[in-house]
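> The primary structure of each chain is shown beneath.
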Amino acid sequence: MSDWRYRLSEHRGTLLALAFFILMFAIYASNHPAGFTANVVQTAANKGALLALVAMAQTFVVLTAGIDLSVGMVFVLTNCLASWIVVGSPAMAGLGVVGVLLTGLLCGAINGAIVIYGRLQPIVTTIATGAVYFGIALALRPVPGGDVNSDLADAFTGRVLGVIPASLVALAAVVVVIWLPYRRSVIGRAAYAVGSSELAAYMSGVPVQAAKFFAYVMSGLIASMGGLFLTFITASGEASAANGGSYTLFSIAAVVLGGVSLFGGSGSAIGAIFGALMFRTIGDLMFVFDFDPLWQPLFQGVVLLAAVCLGSVRLFQIRNRLDLFE
Amino acid sequence: MEPAAIPLFRMEGVSKRYGGVKALEKADLTVEAGKIHAILGENGAGKSTLIKVMSGVVEPNEGRMLLDGREVKFAAPAAANQAGIVCIFQELSLIPDLSVADNISISNPPKRFGLIDRRAQRRIAEEALAKAGAEDLHPLTPVKDLPLSRRQMVEIAKALARNPRVLILDEATSALTAADVAKVFAVLKRLRAEGLALLYISHRMHEIAELADQCTVFRNGRNVASYRAGEKSDNEVVELMIGREYSHVFPAKPPLAPSDRPPMLEVRNLSWSDRLKDISLGVRAGEVVGLGGLDGQGQRELLLALFGVLRGVSGEILVDGAPASVSSPSAAKARKIGMALIPEDRKTEGLMLPMSVGVNLSFAALDRISSRGVIDRARERQLIDEMIELLAIRTDGVDIPVGSLSGGNQQKVVIAKWLMVKPRIILLNDPTRGIDVGTKAEIYQLLRKLAATGAAIVFYSTDYDELIGCCDRVLVLYDGAVKRVLVGDEITERALISSALNISTPGEGADMASAMSA
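Just so you know, the sequences run in chain order G and P.
Each residue of the first sequence is one higher than the last, beginning at 1 in my numbering.
Each residue of the second sequence is one higher than the last, beginning at 1001 in my numbering.
For reference, chain G alone in the conformation it holds in the complex:
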């Protein structure tokens, strides 16, 4: 087999997610009453970018065979915080942005410290810390409100060169600046190794704990980027439990749709981004085809199940039943 075949099979999940997303988006755009216009794309992109960021955050942890059920709450907390501090003069707002991102980083570091040094289960830990983060969000914004620096908000939610949604450019920047180097860094490699086989990773002298800790930290950081972005879109902060919960669950759905293995060790954040965009497009498809919104969760659930089934097609070809358990 030549090199490109190996590379192709390595990125199969990501490419599949991309293909499905393009297919769905094409159906959506061609049936949209306004057609494939810059406006339609911009609106879809802004909504999609939110989930894409949270899904990307989730990917970091899932790759290490963990799970972060606090991503949605970090997302909500940083939204509330941003609605207080990303305001005023450009310099003040800039400092505010730094403050929001540091808060996300800190949330992730707390998760990581408890999971790794406290040796607790990721599921329980992040449910608990998520509740704490939500409590803080509620204290910050008992009722929805606040504001955001409008220049900054317009810059991130508008269009670049008149056609390209700025949110997608920002998303691409996050991928280029954070994900791609991470994937090729020693700590990123270590994260894949830990997720694939923690024992083998330890025996090979891989920095197991550092890799896991860093994954949680990155998860918190990227989730806070999502929270910041939500503030740009809504120009307010809201401590919504429903939002936090659904973003957490959707992030897991997006990760699966994007070809990331929940067992850890394989997949890519880029796949998770396409998974998120796909998941959003499903909702929009319902809208253009005039379905009752009541059906939306059900339909999304069915698509998710279908995607998971697609991922297990290989099971039907298996001739040795023991392989099922590998």
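Just so you know, these hints were derived from the structure itself, not from any lab.
From a predicted model like this one, the values you see are computed outputs, not experimental measurements.
Check each hint, because a few of them may be wrong.
Unchecked claim - Label pairs and their calculated CB-CB ranges:
no., chain 1, residue 1, chain 2, residue 2, range
1, G, TRP4, P, LEU1353, 39 to 45 Å
2, P, ALA1252, G, GLN209, 54 to 60 Å
3, P, LEU1353, G, ILE164, 52 to 58 Å
4, P, ALA1186, G, GLN209, 38 to 44 Å
5, G, GLN121, P, PRO1254, 53 to 59 Å
No residue lacks a Cβ here, since even glycine has one placed at the ideal position from N, Cα and C.
Position chain P against the provided structure of chain G, taking the given hints into account.
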């Protein structure tokens, strides 16, 4: 005595205790550069702990280690690697989702601008694979797509890429094919010439005879003897290992069953994929039929096919002369067929390591000791005690996790678990791999006892001595087909090896032809 040069590595008075169990007790070891040093001992003799201490996986309770005469302490495997001590573990240390190249430079990848340099990494991988004699492997293949024997070659390449000064091989050849073993041996001899110190742990005496310069025998956590290779006979060595006289390892064989007795298990024209080709065999009650040949010639697949694990098997399986539909392991286990398969990998296919000895023992037989879904605890307990006694399983009670038993005793639990279902047909997949001599002998006795009580036994082994000592008949497989059937006195090492390699030796051509046409 020559003037003592400083040895490359020395261990003095090292002890390691796990709870109250002494795994190593004031052990001494001297390893010299340019030598292959074999470590022998039964399971539980302290070999694994010795390696773990040397390679930084566990820290010793007392004693010291010297590298080039300077004291060293390793807090983690990475520290030992740094110092030049690299171990190829029996339990593979490869990461399944990463590629061969990623795995080879996992602990210290080449970097450019702070990021992993994939091109350099690829070059390192190609060089290391070439050094290990596995240049046929593509560096970009994910490790999970490789068969076990190839993974072992990657493991060796990975160790070599770290430029070790002391290389430890723990049963490194147990998963390899004969061709790979030859390659690895050539590599090891070259490394010795280059001045590395090699520590070679193996249960295979002929490998040690071929490779080792120096041997040290461990028993009960202590080094009991050290000698130059060739100074002691195999029997002397085995006596040192087991601490008592070596005799009667194999039980006497009863006379062959009359050939007109109908077989209890009969297989006609079994084929599967391209791995099993038109296999026919019959096993009578009271017979032990061996499967021989090189590793990986379809023996494992044949057992899995009989036990209903494989899909798409063609051909017929008859039990007591009636066609049996063995569609799954639970169908095979059911009373009217009464089949049991003692698996090869006890850790994943045979036991639930964290669960208790008792739970593991009764798991396969639950349907026999329960009525309407409720387990009869008294009956369960009684059967468990019977089995522990029958197999002389050494355990501190039935409630301790089975993972805390020694390897040999774990394997006895696997066997006992299947005996509890009272099988009439027993399939064994290399059941003595990695087990100490004493336990092996007990297993051989047990096989004969079971056969004598009317069981039909199919026994796959990679160890020729076992096939010669235990079996009434041996089917030698080659490339998925039966190449030759050896009966009674025909089962000799020479016959086994020549037919395994699919070569005919002078004087044997005729009967091989007759076996083929039969």
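> Take a look at whether the Cβ-Cβ distance between GLN121 of chain G and PRO1254 of chain P falls inside 53 to 59 Å.
holds, 56 Å
> Do TRP4 of chain G and LEU1353 of chain P keep their Cβ atoms within the hinted range of 39 to 45 Å?
holds, 42 Å
> Using the beta carbons of ALA1186 of chain P and GLN209 of chain G, state whether their distance is inside 38 to 44 Å or not.
With Cβ atoms ~40 Å apart, the hint holds.
> For the hint 54 to 60 Å, verify it against the beta carbon of ALA1252 of chain P and that of GLN209 of chain G.
holds, 57 Å
> With respect to the beta-carbon atoms only, verify the hint that LEU1353 of chain P and ILE164 of chain G lie 52 to 58 Å apart.
For LEU1353 of chain P and ILE164 of chain G the Cβ distance comes to about 55 Å; the hint holds.
Comparing the model with each earlier hint shows no violations; every hint is respected.
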